[in-house]
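Asks: Chain by chain, the residues:
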Amino acid sequence: MPQIANTYRKILNNVVVRYLLLILLALFLFGLIVTIYGKDPFQALKDMFSFTLGSAYGFSEVIVTMIPILITALAVAIPWRVGLINIGGEGQLYIGAAFATWGALTFPNLPAWILLPLMMLLGMLGGALWAFIPGYLKAIGLVNETIVTLLLNSVGILVVGFLIFSFWHSVTDTNMTVIFVPAALLPTFFGTRIHLGLVIGLVLLALYWFVMKYTRWGLEMRAIGGNPQAARRNGIPFKGYLIIVMCIGGAIAGLAGMVMVSGFHHRLLYNVSQNAGFVGFLISWLAGAQPIGILVMSFVVAIIFTGGTLLQLTIALPYAVINILLAFTLFVVLSRQAFFERKKA
Amino acid sequence: MSLLSIFGVLSGAIFAGTSLLYTTLGEVIHQRSGIVDLGLEGLLLVSAATGFAVTSVSGNPHLGVLAAMLTGGLFNMVFGYLVISRQANQLASGLAMMFFGFGLSALIGNAYVGAMINGLPRILLPGLSGLPLLWTSLFKFDILIYLAIPVAFLVWWLLFRTRWGLGLRAVGENTDAAFASGRNPRLIRYQALFFGGLLAGLGAAHLSIAYTMAWGEYMTGGRGFIAVALVIFSRWQPLQAIVGALLFSGAIAFQLVLQSIGVHISGFLLETIPYVVTILVLIAWGGNRKHSTPASLGRIYYGRE
Amino acid sequence: MIALRGITKSFPGVIANDRVDLDIYGGEVHALLGENGAGKSVLMKILYGFYHADAGQILLNGVPISIASPHDARNARIGMVFQELQLIPVFSVAENIALFLPDLKAVLNRKEIDRRIIEISERYNLKVDPHALVSQISIGEQQKVEILKLLLSDARLLILDEPTRVLAPHEVEALFRVLDNLRKDGYAIILITHKMKDVFECADRISVMRRGRVAGTMLRAEASEDKLVALMFEKALAELKINPKDGADKALEPLLELRGVETRGEGTGTSLKGINLKIYPGEIMGVAGVSGNGQKELCDVVLGMQLCTKGRKFLYGNDLTNHSIQTMRKNGVAFVPENPLSMAAVPFMTVLENMALTNTRRYARRGGFSMDWQAVKAAAEETRKRLGFAVNWYALPKSLSGGQLQRMVIVREMTHAPRLIVASYLTRGLDVQSTIGARQVLVQARESGAGVMLISEDLDELFTLSDRLIVLYGGEIVGEFKPEETDIYKVGHLMTGHEVQHAANS
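Protein chains in written order, with the working numbering: chain A, 1 to 345; chain B, 1 to 305; chain C, 1 to 506.
Hints in this document: simulated from the structure, not taken from any laboratory. Here the structure is a predicted model, which is why all the values come from computation and not from measurement. Do not take every clue at face value.
Distance ranges between label pairs, derived from CB positions [said to hold, decoys possible]:
hint : chain 1 : residue 1 : chain 2 : residue 2 : range
1    : B       : R299      : C       : R386      : 41 to 51 Å
2    : B       : N60       : A       : N271      : 48 to 58 Å
3    : A       : A316      : B       : V57       : 42 to 52 Å
4    : A       : I140      : C       : K273      : 23 to 33 Å
5    : A       : F132      : C       : F200      : 58 to 68 Å
We put the CB at the ideal spot given by N, CA and C, even for glycine.
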């Protein structure tokens with residue numbers, strides 16, 4: 001037994017050390033870019049970390065940023081376990097947000113304890129519907145789900161744009177709705193912007209972990225993902241799982257949409273997702289669809305993005321530049337593909 | 001609906017669609033070699049920013065176009081390194097490039113937001129100078145627009161009538177067979193990415209130097225993804241992409257025409273039509289083994305054991 | 001022209017080629033005969049540069065050459081047509097051939113290419129339409145394209161790996177005529193096959209391989225069926241002592257019955273025709289035949305993975321034609337394939353988790369929210385003890401050996417007292433001990449009243465274990481007997497397609 005403990009320790013060290021090295025490399029490259037741009041890289045990095053990890057406000061902002069990408073990462077991870085590639089998180093999020101918005105706008109007089117769950121259900125319904133199409137098509141063997149989910153992203157975004165412009169926009173702005181009634185807003189914690197979406201996200205994460213590890217369905221899903229032939233020959237209902245799991249992924253992304261309109265924006269607007277769908281895909285991929293990894297990576301990415309907002313103020317770096325740091329982190333991981341090949345089942 | 005308004009729509013579609021066509025042609029080449037490039041959005045932004053910046057600094061739009069082209073090719077070399085040499089997942093790498101493009105373009109373009117440049121000069125089609133002003137303004141196209149269709153034909157010819165194109169398509173269909181014929185699939189894929197990147201860079205150049213003559217963050221507005229849809233819609237055929245690009249870009253212009261005859265369809269919904277049609281088309285050929293997706297699209301090439 | 005001297009090649013656990021010497025002459029068709037696993041394919045792949053020999057030499061016209069890749073082989077003017085055709089379906093015939101032309105110009109001159117294709121194809125009667133898409137032409141025509149590819153890239157030695165397997169009889173005729181013409185023009189042709197018909201109609205020289213060695217070489221004039229079969233199958237029956245078989249109780253209902261079952265083969269798969277068989281409780285039915293003659297299809301039909309286009313399937317007397325595999329499983333049908341990692345085990349789940357796959361419902365508790373791993377383990381333990389295996393419950397299949405994997409699968413399949421076991425090449429690639437263990441399990445199952453369908457290419461195994469034996473050839477059952485009534489040579493004849501009176505059907 002002590003042998004095993006030793007090897008575990010070695011692996012842990014190896015993994016931790018490598019992660020650290022990779023992150024350092026990414027930071028170094030980022031610093032290089034900042035320097036080329038003419039700003040002080042050390043100041044930039046120092047500002048970034050002291051804000052996000054050093055101040056209460058900064059930290060709370062990190063959590064706020066983390067919430068939607070944590071949820072969308074799950075929306076990608078769950079279908080991943082049965083071998084499906086769900087790159088349609090954006091579209092599913094948008095449609096879910098639209099469904100939830102309909103609920104908020106149509107029932108402004110309901111009390112919060114009815115309205116909020118209703119909106120959650122609506123959000124999940126919308127996302128699930130949007131994911132059903134690619135799921136069904138894949139199960140009957142007609143079309144690859146990657147392409148369909150990708151295309152439906154654009155359609156989903158446009159549909160929401162249509163709904164806002166034609167029906168739902170507020171009197172003052174044509175590209176967003178009115179602010180939702182208080183009953184439709186997810187409550188926040190302690191005066192920060194951290195909303196109940198965090199709880200939702202963590203609960204989903206825990207459920208994911210539990211289902212995959214302990215339940216019968218998790219077992220069957222892992223079998224399908226690990227060896228579809230073997231799963232079929234053992235009598236596991238293959239097609240059924242494909243459709244249902246895809247819908248679950250969509251539902252979760254739709255829930256992320258609800259969370260964004262209800263907890264973050266407090267209204268429906270054109271850029272409701274802020275690319276959460278794609279970032280979620282990347283996080284899930286980085287984490288190998290493993291629960292702990294998803295939690296960690298969404299936190300790390302949230303730090304990057306939040307830090308970027310600050311840098312915009314302190315050293316007049318355009319916000320978009322923070323995307324470079326994200327990209328470098330990804331490059332570094334992508335180049336080490338072999339190492340990050342994690343077990344799927 | 002007057003003749004003027006019809007031509008107006010056509011002209012609008014041509015203007016808007018040119019950059020889309022170039023980008024799509026580039027992606028056709030990528031996908032024919034078996035690579036899905038989701039990073040087009042980033043490539044377009046960086047090329048557009050670079051082209052704009054160079055034009056602004058040098059005062060010469062043609063130089064800017066060249067710069068944008070080269071930027072596109074080089075941008076894709078980074079992508080190529082990831083997906084070919086490091087054998088990374090194409091989707092994730094593409095998205096990473098997209099984010100990289102968001103950031104890099106913002107850096108490059110930051111100093112030039114709001115700058116005015118000499119755009120590409122517009123030349124009237126010869127023989128039309130006798131028409132009234134309203135008409136001529138519709139048909140004054142810049143050189144990139146004139147070149148767009150010839151370039152599409154060039155791409156077609158390259159893919160289907162040359163040895164290089166044959167090898168490239170073989171890599172995209174059956175990489176092992178291509179290898180068995182003595183070719184180097186990795187090298188061919190790099191070439192595809194570079195050449196396709198040049199084309200997409202041209203598309204970006206047209207966007208910032210000729211069409212809008214401005215720079216703003218995220219100005220490409222999803223054209224990278226539209227191009228991916230358009231590639232599928234045109235069944236990976238360069239010539240069909242011409243029609244597709246016109247259709248995809250004409251949606252907005254078409255909306256105005258419809259409005260003028262009293263039909264109000266939201267521009268948003270019109271814009272969804274190309275995607276929906278693409279999905280329907282995919283379903284229609286879905287069971288058909290003859291459908292034209294390059295068979296090795298998206299597959300990582302690991303080399304011979 | 002080409003000589004192979006002392007070629008030796010081993011893979012982990014098996015010697016594929018053992019000091020092989022072979023001479024190939026121009027203007028001849030040289031048939032390489034042998035059953036599966038004899039080493040024919042490996043030898044040819046070495047010649048074509050796909051594998052590297054561990055030892056030995058290849059000589060071209062007396063001069064040693066090195067062939068490290070297909071590129072070198074092609075330079076040496078050697079070409080090979082594989083069993084899985086390597087054409088690109090969406091390309092036209094001309095494009096496929098052009099891809100492999102060594103002197104292709106930068107700008108394709110399509111007329112020129114067409115002309116060359118037509119010229120050669122007319123010369124050797126390999127007519128194809130250069131503009132047709134490969135996906136639209138028949139398999140026979142695709143094969144012609146493959147041969148044209150070789151001819152147009154200047155090969156002088158053509159290696160054809162089991163070409164007649166996918167051809168209809170008249171296409172086989174056409175192929176032989178083509179080979180004849182090529183031979184007259186001085187080409188050297190190596191024909192890998194397991195069919196007697198091919199050999200006698202076509203070959204000038206015959207080499208028989210068995211277990212990695214050349215068992216004998218002779219000219220066609222000297223050869224006869226019996227001689228060849230003797231060389232292919234000469235084996236003393238193994239010393240494995242198996243318990244005396246008590247006859248299957250035919251008074252009982254058959255467990256499995258197939259009546260007139262036919263299936264449609266996909267692509268290069270084999271179609272089953274007119275399959276009639278019955279398996280009774282307490283018997284092992286052996287299915288002999290060279291792989292690729294319908295075994296996979298038979299297995300899949302029984303399991304419910306493939307639909308019958310005609311005919312009916314009865315399980316325990318109930319008509320379950322075209323019912324899904326889930327129904328089969330629920331009714332106690334078990335499946336043990338070769339190579340567990342491809343079809344039976346999930347590599348990244350522990351062995352224990354793999355155990356639960358066949359019957360997750362039984363072990364689910366609280367509506368599926370948790371799995372009763374204790375019960376899984378207990379049931380599997382019990383089976384394990386009963387079978388006498390050692391299994392590590394927490395290992396990951398990807399790190400286990402073939403034998404350990406097979407034991408794991410066997411434990412799982414045997415745990416729920418299956419009534420019908422479909423075993424498909426289950427001892428392929430296994431070490432001796434695992435093989436014995438697996439076979440004993442089958443015998444035990446038989447003793448306890450289950451029925452077994454044992455598909456195997458190992459005649460030893462079939463003869464020692466089966467109560468009854470059928471032979472599959474070309475998707476049909478060409479013979480059915482009890483092992484005592486026949487011998488290896490008769491079965492060998494049937495496996496290679498020779499017409500033999502078969503024993504009356506039961």
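Asks: Given a hint of 23 to 33 Å, does the C-beta separation of I140 of chain A and K273 of chain C actually sit inside it?
Replies: For I140 of chain A and K273 of chain C the Cβ distance comes to about 30 Å; the hint holds.
Asks: F132 of chain A and F200 of chain C, beta-carbon distance inside 58 to 68 Å?
Replies: With a Cβ separation near 60 Å, F132 of chain A and F200 of chain C satisfy 58 to 68 Å, so the hint holds.
Asks: Regarding A316 of chain A and V57 of chain B, is the given constraint of 42 to 52 Å on their beta-carbon distance met?
Replies: violated (21 Å)
Asks: Using the beta carbons of R299 of chain B and R386 of chain C, state whether their distance is inside 41 to 51 Å or not.
Replies: Holds, at about 45 Å.
Asks: Quick one: are N60 of chain B and N271 of chain A within 48 to 58 Å, going by C-beta?
Replies: violated (36 Å)
The structure is inconsistent with the numbered hints 2 and 3, although it conforms to all the rest.
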